[in-house]
Structure formats: C-alpha cells, structure tokens
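So the sequence lines, in the order shown, correspond to chains H and C.
Residue numbers 5 to 117, in the numbering used here, belong to the letters of the first sequence in order.
Residue numbers 5 to 117, in the numbering used here, belong to the letters of the second sequence in order.
Derived from the structure by calculation, the hints contain no laboratory data.
All values reported here derive from a predicted model rather than from experimental measurement.
Idealized CB from N, CA, C, for every residue including glycine.
It is possible that part of the hints are untrue.
[Claimed, not checked] Straight-line distance between alpha carbons at most 25 Å, and here's what the computed DSS-like set of lysine-lysine pairs gives:
| no. | chain 1 | residue 1 | chain 2 | residue 2 |
| --- | --- | --- | --- | --- |
| 1 | C | Lys109 | H | Lys109 |
| 2 | H | Lys13 | C | Lys109 |
| 3 | C | Lys13 | H | Lys109 |
| 4 | C | Lys43 | C | Lys85 |
| 5 | C | Lys29 | H | Lys109 |
| 6 | H | Lys13 | C | Lys13 |
| 7 | C | Lys109 | H | Lys29 |
| 8 | C | Lys85 | C | Lys42 |
| 9 | C | Lys109 | H | Lys42 |
| 10 | H | Lys42 | H | Lys85 |
| 11 | C | Lys109 | C | Lys13 |
| 12 | H | Lys109 | C | Lys42 |
[Unchecked claim] What follows is a set of in silico ranges between Cβ atoms, one per label pair, in the way DEER data are often shown:
| no. | chain 1 | residue 1 | chain 2 | residue 2 | range |
| --- | --- | --- | --- | --- | --- |
| 13 | C | Glu69 | H | Gln61 | 20 to 26 Å |
| 14 | C | Ala79 | H | Ile71 | 50 to 56 Å |
| 15 | C | Arg49 | H | Thr66 | 39 to 45 Å |
| 16 | C | Glu63 | H | Asn50 | 30 to 36 Å |
| 17 | C | Glu113 | H | Asp47 | 22 to 28 Å |
[Said to hold, decoys possible] Per the computed footprint, the stretches of chain H lying under chain C, defined by three or more beta-carbons under 8 Å from a beta-carbon of chain C, are:
| no. | stretch |
| --- | --- |
| 18 | 11-19 |
| 19 | 23-37 |
| 20 | 93-103 |
| 21 | 107-113 |
2 protein chains.
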Amino acid sequence: MATILDSAKALEQTIRESAEFAHLKQQYDNVYADEATKKLFDDFRNLQFTLQTKQMQREEITQEEIIQAQEHVVAVQQNEKISALLEAEQQMSNVIQQINQIVMKPLEELYND
Amino acid sequence: MATILDSAKALEQTIRESAEFAHLKQQYDNVYADEATKKLFDDFRNLQFTLQTKQMQREEITQEEIIQAQEHVVAVQQNEKISALLEAEQQMSNVIQQINQIVMKPLEELYND
Ligand SMILES: [Ca+2]
Ligand SMILES: [Ca+2]
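Whole structure, please, built from the sequences with the hints as guidance.
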C-alpha cells in the first residue's frame, strides 16, 4: 500500500510543479485580482451550481433562470480574464481525465479479459 | 504535459505490480476457474447492473426484482470465493479513492484558497 500511495504523491507533486497548474493558478489569480471580474465569475459559478443541483434533483428550472443563465454566459464569454480561466480549467480537466484513464487501465484490463 | 502523463504511467505500473492488484487478480481467477461460481457471480453482477440502471433512469423496480436481488446477495455471501473477491474489490476501491484524493489535492487547494 505504501508504494501505491508514494507513487500517487509523486504524481501530485508533478501536477503541482506542472506548467498546466501554474497557468491555471495564474488565470485564477487574474480573475480574483479584479473585484468586478471576481463578482461576475462568482455569480456565474453560483448560478451554475444552483442549476446543476436542480437538474440532479429533477426540480423544475424556470424560464427566468434559463434567461439569467444565458445572460451570464454571454457576459462571461465577453470577459477575457474569465474566458482565459475557463479555458485553463478545461485544459486541466482534460489532463485529469487522461490521468484517470491511465490509472484505471490495470483494473479495466482485469475485467475485460 | 509529458511529465504529468509519465508520472501517471509510473503510478499505473506501481498499481500493476502491487500486492493489492495481485490479490484482486487471484480472487478473480478463483471465481472464474469454477463454472458454477462464475455463473453465480455473473448473474449477480448483471442483476446489480440492471437495478442500478433502472435506479439512475428512475424506472420502477418491481417487488420480484427486489426479492431476486436479496436471494442473490444471500447466495453470493455464502460463497467464499465470491465473498473474497468482493472484499478484494472493496480494498482496491479504497486504494483508488485514496489516489483520487491525493491527485486532486492541488486543485482543491487552489479553489479553497
Ligand atoms: Ca482579445
Ligand atoms: Ca470459511
């Protein structure tokens, strides 16, 4: 067990020291350094979270909420700092997905044999 | 990017060579070496899959299916080879969960700062 967790910690350290992580952190700092941009981003995230929670619980999403969400998406896309952060998040999410695929390979092979 | 994926592949290799993985593979081979045990296990997994799919799609699960599932759980628990496999799977699942927690730490810290 020690060995697997040591190896996972080595991966964690590699992520911390990666260009992708530094880039994501930089975009995040850029958004949070500006009060108006920070508020826009936080509102966007909160609305996303509310809508996702409703969707998971199969609650009704009102027409007003849909319009509100669309307006937020437009505002967010027009903000270069937030667009850059969302793009960096997407890149990191792709990296995490690739990590998961690699790490789960031994188990997948076991069950597909 | 190369470095993160290299590090993920090193973790994959550590998992392949781990005692936990060897143990899981052994329990899996034990179950599949015996035709009756294999059938019991496959039926159990197929029923689990059917019920989980129904649950996710919020389809009705019949009383008959619940009784069938309970009977399968009893039969499976009484089979030592299958119990040993389920226990090995649970252990591996705990390891995977710990790996995920370690690997996601840098991102969690970024968002909780
Ligand atoms: Ca521009
Ligand atoms: Ca016994």
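Outcome of the hint check:
At most 25 Å may separate the alpha-carbon atoms for a hinted pair to count; Lys109 (chain C) and Lys109 (chain H) meet this at roughly 22 Å. Of the pairs offered as hints, the one joining Lys13 (chain H) and Lys109 (chain C) holds, with about 10 Å between alpha carbons and a cut-off of 25 Å not exceeded. For the hint linking Lys13 (chain C) to Lys109 (chain H), the alpha-carbon distance of about 10 Å falls within 25 Å, and the restraint holds. For a cut-off of 25 Å, the pair hint linking Lys43 (chain C) to Lys85 (chain C) stands: about 12 Å separates their Cα positions.
For the suggested pair Lys29 (chain C) and Lys109 (chain H), the alpha carbons sit about 14 Å apart, so the restraint of at most 25 Å is met. Simply put, Lys13 (chain H) and Lys13 (chain C) have alpha-carbon atoms about 13 Å apart, close enough for the 25 Å limit, and the pair holds. For the given pair, Lys109 (chain C) sits about 14 Å from Lys29 (chain H) by alpha-carbon distance, which is consistent with the 25 Å threshold. Distance restraint check for Lys85 (chain C) and Lys42 (chain C): the Cα-Cα separation of roughly 10 Å lies within the 25 Å cut-off, and the hinted pair is therefore satisfied.
Note on Lys109 (chain C) and Lys42 (chain H): the hinted pairing holds, with a Cα-Cα distance of about 23 Å set against a maximum of 25 Å. Proximity of Lys42 (chain H) to Lys85 (chain H) is assessed by CA-CA distance (about 10 Å); at most 25 Å being required, the pair is judged to hold. Proposed proximity of Lys109 (chain C) and Lys13 (chain C) is supported: the alpha carbons are some 19 Å apart, at most 25 Å. Under the criterion of a C-alpha separation no larger than 25 Å, the hint pairing Lys109 (chain H) with Lys42 (chain C) is consistent with the structure, at around 23 Å.
Here the CB-CB span from Glu69 (chain C) to Gln61 (chain H) is close to 25 Å, well matched to the stated 20 to 26 Å. Ala79 (chain C) and Ile71 (chain H) have their C-beta atoms about 55 Å apart, which keeps the hinted 50 to 56 Å range intact. Range check, Arg49 (chain C) to Thr66 (chain H): Cβ separation about 41 Å, and the 39 to 45 Å hint holds. In this structure the supplied range 30 to 36 Å holds for Glu63 (chain C) paired with Asn50 (chain H), their Cβ-Cβ distance being about 33 Å.
A hinted range of 22 to 28 Å for the beta carbons of Glu113 (chain C) and Asp47 (chain H) is consistent with their spacing of about 23 Å. Counting residues of the stretch 11-19 of chain H whose C-beta lies closer than 8 Å to any C-beta of chain C gives 8; at least three are required, and the coverage claim holds. Residue count for the stretch 23-37 of chain H with a Cβ under 8 Å from a Cβ of chain C: 6. That meets the three needed, and the coverage hint holds. Given as covered by chain C, the stretch 93-103 of chain H passes the check, having 5 residues with a CB less than 8 Å from a CB of that chain where 3 are the minimum.
A count of 5 residues in the stretch 107-113 of chain H with a Cβ less than 8 Å from any Cβ of chain C is obtained; the coverage claim is therefore met, three being the minimum.
Hint compliance for this structure: every hint is met.
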